[in-house]
Amino acid sequence: MKSNSLETHIAGLHLNSPTMLASGIMSYSVDFFQRIAKEGVGGIVTKSIGLESRKGFENPTIVQINNGFINAMGLPNPGIASYANEIKKAKNVLNIPLIVSVYGFSIEEYETVAKKAINYGADAVELNVSCPHVKDTGLEIGQNPEKLFRAIKKVKNNVKKPVIVKLSPNVTNITEFATIAVEAGADALTATNTIHAMAIDIESTKPILSNIFGGFSGPPIKPIILRCVYELFKTVTVPIIGSGGITNWRDAIEFMLAGASAIQIGTAIALQNTKVFNDINKGIKSYLKKKRFKNVEQIVGLSQKI
Amino acid sequence: MSAYLRKYNIMRTIPILNIKTENQTTKTITFNDKLCSRAKPGQFIMLWIPRVDEIPLSIMNSQKGEVSVTVKAVGSATNSLNSMKKGQNIGVRGPFGNWFSTRSNKCLLIGGGVGIVPLYFLLKKIVGDDKQITFINGAKTENELLFMSSIKILCKNQTILSTTEDGSYGYKGIITESLTKILRQEKFDIIYACGPESMMRNVFDIAELYKIPLEASLERLMRCGIGLCGSCVIGQYRVCRDGPIFNSKQLRKIQDEFGFSRLDFNGKKIPI
Ligand SMILES: Cc1cc2nc3c(=O)[nH]c(=O)nc-3n(C[C@H](O)[C@H](O)[C@H](O)COP(=O)(O)OP(=O)(O)OC[C@H]3O[C@@H](n4cnc5c(N)ncnc54)[C@H](O)[C@@H]3O)c2cc1C
Ligand SMILES: Cc1cc2nc3c(=O)[nH]c(=O)nc-3n(C[C@H](O)[C@H](O)[C@H](O)COP(=O)(O)O)c2cc1C
Ligand code: FES
Numbered sequence: 104m105k106s107n108s109l110e111t112h113i114a115g116l117h118l119n120s121p122t123m124l125a126s127g128i129m130s131y132s133v134d135f136f137q138r139i140a141k142e143g144v145g146g147i148v149t150k151s152i153g154l155e156s157r158k159g160f161e162n163p164t165i166v167q168i169n170n171g172f173i174n175a176m177g178l179p180n181p182g183i184a185s186y187a188n189e190i191k192k193a194k195n196v197l198n199i200p201l202i203v204s205v206y207g208f209s210i211e212e213y214e215t216v217a218k219k220a221i222n223y224g225a226d227a228v229e230l231n232v233s234c235p236h237v238k239d240t241g242l243e244i245g246q247n248p249e250k251l252f253r254a255i256k257k258v259k260n261n262v263k264k265p266v267i268v269k270l271s272p273n274v275t276n277i278t279e280f281a282t283i284a285v286e287a288g289a290d291a292l293t294a295t296n297t298i299h300a301m302a303i304d305i306e307s308t309k310p311i312l313s314n315i316f317g318g319f320s321g322p323p324i325k326p327i328i329l330r331c332v333y334e335l336f337k338t339v340t341v342p343i344i345g346s347g348g349i350t351n352w353r354d355a356i357e358f359m360l361a362g363a364s365a366i367q368i369g370t371a372i373a374l375q376n377t378k379v380f381n382d383i384n385k386g387i388k389s390y391l392k393k394k395r396f397k398n399v400e401q402i403v404g405l406s407q408k409i
Numbered sequence: 104m105s106a107y108l109r110k111y112n113i114m115r116t117i118p119i120l121n122i123k124t125e126n127q128t129t130k131t132i133t134f135n136d137k138l139c140s141r142a143k144p145g146q147f148i149m150l151w152i153p154r155v156d157e158i159p160l161s162i163m164n165s166q167k168g169e170v171s172v173t174v175k176a177v178g179s180a181t182n183s184l185n186s187m188k189k190g191q192n193i194g195v196r197g198p199f200g201n202w203f204s205t206r207s208n209k210c211l212l213i214g215g216g217v218g219i220v221p222l223y224f225l226l227k228k229i230v231g232d233d234k235q236i237t238f239i240n241g242a243k244t245e246n247e248l249l250f251m252s253s254i255k256i257l258c259k260n261q262t263i264l265s266t267t268e269d270g271s272y273g274y275k276g277i278i279t280e281s282l283t284k285i286l287r288q289e290k291f292d293i294i295y296a297c298g299p300e301s302m303m304r305n306v307f308d309i310a311e312l313y314k315i316p317l318e319a320s321l322e323r324l325m326r327c328g329i330g331l332c333g334s335c336v337i338g339q340y341r342v343c344r345d346g347p348i349f350n351s352k353q354l355r356k357i358q359d360e361f362g363f364s365r366l367d368f369n370g371k372k373i374p375i
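First to last, the sequence lines map onto chains A and B.
Letter by letter, the first sequence follows residues 104 to 409 in the working numbering.
Letter by letter, the second sequence follows residues 104 to 375 in the working numbering.
Extracted from the complex, chain A is given alone in its bound form (with noise of 0.2 Å):
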């Protein structure tokens, strides 16, 4: 058989290739996730699910600012008893990573949500403690260091499958709270969720989302975002995911170059619709090729060499 340069590892979790899927992208539905898988798609995140169902906030719930969004979905979700039949589901007919998305309102909704999901099937679960658009939870936690070493330790003595932590740009230091999760037992990092924005209608002269607030995504990040993974990756031993704008092949070598073992697509999915994996990993490849490295894995923190 080929070797496949494009094989990476995460925790534990084996990745046919390092292009994912980001949280809160399409994922209500598992004949979308078989689409993108057809598109080679490396491993899928859900959208971050709760205890109970959430309806999210009224429209409008996304604005584009030139080529980003800031959304405030309000984390609409079915609930985690809901969602344990698309689980299964996934599980039946994909045959890559499944991670599972947590959030919670308390450190104890983290944790049961967390078991629940590993046992309906998921190789590993991401827990969302970033969001910045919803009261009581992600970046609530997040951003306090004594509750998201509370929340990651707890996970972590309950549920036997890797625990990625999604971390927030919205901290003076992330190496801090990376160090912070770590300690608490994170197998790896992803970095990171959207930045804190919002958006004004200057004729009718009011916030254009209903939330006012909401986390801003896609290419006018992506320089902020790489500069958290190239800090995190001096700081951390744990494999780094990266997430923030990533559009292109060689946004994706970028990430990796500067630390990032695997990247997360979301915003590009609607810049550059589901075609988006497959035109990275073939970017990717030939750019392996090109510069005669035989894994993708050799060029991970790369540029940190100077």
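Among these hints, one or two may not hold up.
[Unchecked claim] Computed far set for chain A versus chain B, every beta-carbon distance over 10 Å:
#1 N107
#2 E161
#3 F172
#4 K194
#5 N261
#6 N273
#7 T275
#8 E334
#9 N398
#10 I409
[Stated by the list, open to error] Dumping the calculated BS3-like pairs for lysine-lysine here, alpha-carbon to alpha-carbon at most 25 Å:
#11 B:K110 - A:K192
#12 A:K325 - B:K110
#13 A:K394 - A:K325
[Claimed, not checked] Which bits of chain B does chain A cover? Going by a derived footprint, with three or more residues having C-beta under 8 Å, they are:
#14 111 to 118
#15 163 to 172
Derived by calculation from the structure, the hints in this document are not laboratory data.
Predicted, not measured: the structure shown is a model, and the values here were computed from it.
Where is the CB? At the ideal position from N, CA and C, for every residue including glycine.
Position chain B with the ligands against the provided structure of chain A, taking the given hints into account.
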């Protein structure tokens, strides 16, 4: 094919140019927008009512930079939109989604209630093209049959079949009975459908039986409108990005859901 152009998704805030009352519940709202005036029949916009809501609406007409949507008041957003005044600001992004094909010669258009909106736009675009058109419209009662006088003028050399459930105008009965009746006698190159999903599902089953290609315009809850959030998903498709128009081949792939289930705002599957 649907194309996503970044500039289409930037919200434009513009004053309402004109408002026309169609019947007790339905109004047509017109505004100026260059990008939307290039829209093709079947495409939709996301319309923002500042600090109230943002909702998907089909484009009803576009000419010389002026764009119209026709809105039936069914809940808070549509009621508040229909009580707005000329000159007040609305936000618009789009046009989004794909459009009806226009290659076939012998066409049957079938629409129920406010579902007539994109078909009326299609009719206006194709009626001059030397095509043979049959237009079937249906509603509960006479004053809910939209755009009747314009349709009569547009279709003066074509066939119109109107159906009302209470018999106040045209045939008494449900719209799909008229469809079956005509398909027993005539063959068509294509059927275009828009309306309540249970009606469209019936149209699909009938079209399959008579082996006539169908293009149906689907509705699902929408948030982003650009294929990112997943609110509008049906099977492997996103109604906002891969649709809203689906052909027979695609509809066959989603026949377990089409007409039967959809996602609610929580992303939970519920019966239609
Ligand atoms: C592609 C598309 C084209 C449409 N074209 C038209 C049109 O030309 N004219 C017209 O009158 N209506 C049209 N609709 C339906 C219109 O969007 C809904 O009637 C409107 O959103 C209802 O909002 P509301 O707050 O008044 O009612 P609510 O009380 O909030 O809801 C009533 C029902 O409307 C639907 N709805 C509510 N919010 C949304 C949403 N964000 N996205 C989709 N559906 C929603 C749901 O089925 C809901 O049960 C279209 C919908 C879609 C998806
Ligand atoms: C519409 C939308 C919904 C999102 N929902 C979630 C979510 O539920 N949980 C989460 O951890 N991140 C969520 N995110 C953040 C993304 O997963 C991703 O980290 C972020 O958008 C940056 O990547 P991108 O620039 O590739 O989009 C969401 C982003 C968008 C645009
Ligand atoms: S409305 Fe968001 S994917 Fe269609």
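Quick rundown of the hints versus the structure:
With 10 Å as the threshold on Cβ separation, the claim that A:N107 sits away from chain B holds: the shortest Cβ distance comes to roughly 25 Å. Not every CB of chain B is more than 10 Å from the CB of A:E161 (nearest about 6 Å), against its label as outside the interface. For A:F172, the shortest C-beta to C-beta distance to chain B comes to about 8 Å, within the 10 Å cut-off, and the non-interface label is violated. Non-interface status of A:K194 relative to chain B is upheld: no Cβ of that chain comes within 10 Å, the nearest being about 18 Å off.
Distance to chain B confirms A:N261 as a non-interface residue, since its nearest Cβ pair spans about 26 Å, more than 10 Å. At the 10 Å boundary, the C-beta of A:N273 stays outside the reach of chain B, the nearest C-beta of that chain being 21 Å off. Every CB of chain B lies more than 10 Å from the CB of A:T275, the least distance being 30 Å, so the non-interface label holds. The claim that A:E334 lies off the interface holds: its Cβ sits roughly 28 Å from the closest Cβ of chain B, which is beyond the 10 Å cut-off.
The beta carbon of A:N398 is kept farther than 10 Å from every beta carbon of chain B, the shortest such distance being approximately 32 Å. Once the 10 Å rule is applied to beta carbons, A:I409 is consistent with being away from chain B; the minimum gap is 35 Å. Of the pairs offered as hints, the one joining B:K110 and A:K192 is violated, with about 38 Å between alpha carbons and a cut-off of 25 Å exceeded. Restraint check for A:K325 and B:K110: satisfied, since their Cα atoms lie roughly 20 Å apart, inside the 25 Å limit.
Of the pairs offered as hints, the one joining A:K394 and A:K325 holds, with about 24 Å between alpha carbons and a cut-off of 25 Å not exceeded. Closer than 8 Å: that is the beta-carbon criterion, and the segment 111 to 118 of chain B has 5 residues meeting it against chain A, so the requirement of 3 holds. Coverage of the segment 163 to 172 of chain B by chain A is violated in this model, with 0 residues showing a Cβ closer than 8 Å to a Cβ of that chain against a need of three.
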